[in-house]
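Engineer: Residue numbers (our numbering): 104 to 237.
Please keep in mind that the hints were generated in silico from the structure rather than gathered at the bench. On a predicted model such as this, the values are computed, not experimentally measured, just so you know. Where a beta carbon is used, it is the ideal one built from N, C-alpha and C, also for glycine. Where hints are given, some of them may not hold.
Here are the simulated DMTMM-like pairs of lysine to aspartate or glutamate, each with C-alpha atoms no more than 25 Å apart in a straight line [to be verified]: (1) 225 <-> 161; (2) 159 <-> 137; (3) 186 <-> 237; (4) 186 <-> 199; (5) 159 <-> 217.
Quick list of the computed label-pair ranges, beta carbon to beta carbon [said to hold, decoys possible]: (6) 160 <-> 228: 21 to 27 Å; (7) 196 <-> 161: 19 to 25 Å; (8) 104 <-> 187: 26 to 32 Å; (9) 178 <-> 113: 15 to 21 Å; (10) 109 <-> 224: 16 to 22 Å; (11) 148 <-> 220: 28 to 34 Å; (12) 149 <-> 198: 19 to 25 Å; (13) 187 <-> 236: 18 to 24 Å; (14) 110 <-> 237: 42 to 48 Å; (15) 199 <-> 225: 39 to 45 Å; (16) 233 <-> 187: 24 to 30 Å.
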Amino acid sequence: EVLDYPIDGVLNSHPGLLPECRGSASPAWSVYHDIPIGSSTHFCDNGIDTGELLLKREVSVRRGMTYEDLCYHTLVLSGVLMKEALEAYFEGRWGEMRRPQGESEHPTFRNAPDEILNVVRKKLADQTYLHYVD
């Protein structure tokens, strides 16, 4: 019911690319599954990270970055995208920006257990993640 009250919708800034990486611990699951890393701003609906998209952008992942670096950069980018989305609202551009997310081949992710985080840290240390920009 809460989502029904705001006239223009409720926004969320998600530290993962949607629809590719829904749910929590997005940087970890992105590395684990070799999904590009980034952030998205979307409208909230009754699903988990399934509402219409406004913005999404990839993080440039460089060799030598740690898991903590990736978490930091996705969170900073989430804030930047939220600011851009709010500016677009005041400029009356939400209507032209809204788009459906589509489906993902991956499930909605939950917290990453230690064994997953260990694999992620090893992939980053060994530089076997598939989406480096350098």
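Engineer: Are the hints correct? Go through all of them and say.
Structural biologist: Do the hints match the structure? See the list:
A threshold of 25 Å between alpha carbons decides the hint, and for residue 225 with residue 161 the separation of about 22 Å falls inside it, so the pair holds. For the hint pairing residue 159 with residue 137, the CA-to-CA distance comes to about 18 Å; that is within 25 Å, so the pair holds. For the suggested pair residue 186 and residue 237, the alpha carbons sit about 28 Å apart, so the restraint of at most 25 Å is broken. A distance of roughly 17 Å separates the Cα atoms of residue 186 and residue 199; the hinted pair therefore holds under the 25 Å criterion.
In summary, the hint linking residue 159 to residue 217 is not supported, as the alpha carbons are separated by about 28 Å, beyond the 25 Å threshold. The hinted range of 21 to 27 Å is satisfied by residue 160 and residue 228, whose Cβ atoms lie roughly 26 Å apart. Range check, residue 196 to residue 161: Cβ separation about 22 Å, and the 19 to 25 Å hint holds. Separation of residue 104 from residue 187 is about 29 Å and conforms to the stated range, judged on CB atoms against 26 to 32 Å.
The hinted range of 15 to 21 Å is satisfied by residue 178 and residue 113, whose Cβ atoms lie roughly 19 Å apart. Between residue 109 and residue 224 the CB atoms are about 40 Å apart, so this pair departs from the stated range of 16 to 22 Å. Hint check: residue 148 to residue 220, Cβ distance near 29 Å, so the stated range 28 to 34 Å holds. Distance hint check: the CB atoms of residue 149 and residue 198 are about 22 Å apart, consistent with the given range 19 to 25 Å.
For the pair residue 187 and residue 236, the supplied restraint of 18 to 24 Å holds, since their beta-carbon distance comes to about 21 Å. Take residue 110 and residue 237: their Cβ atoms lie about 45 Å apart, and the range 42 to 48 Å holds. Between residue 199 and residue 225, the C-beta spacing of about 43 Å keeps the proposed range 39 to 45 Å intact. Checked against the hint of 24 to 30 Å, the C-beta distance between residue 233 and residue 187 comes to roughly 28 Å, which is consistent with it.
Checked against the numbered hints given earlier, this structure breaks hints 3, 5, 10; the rest are met.
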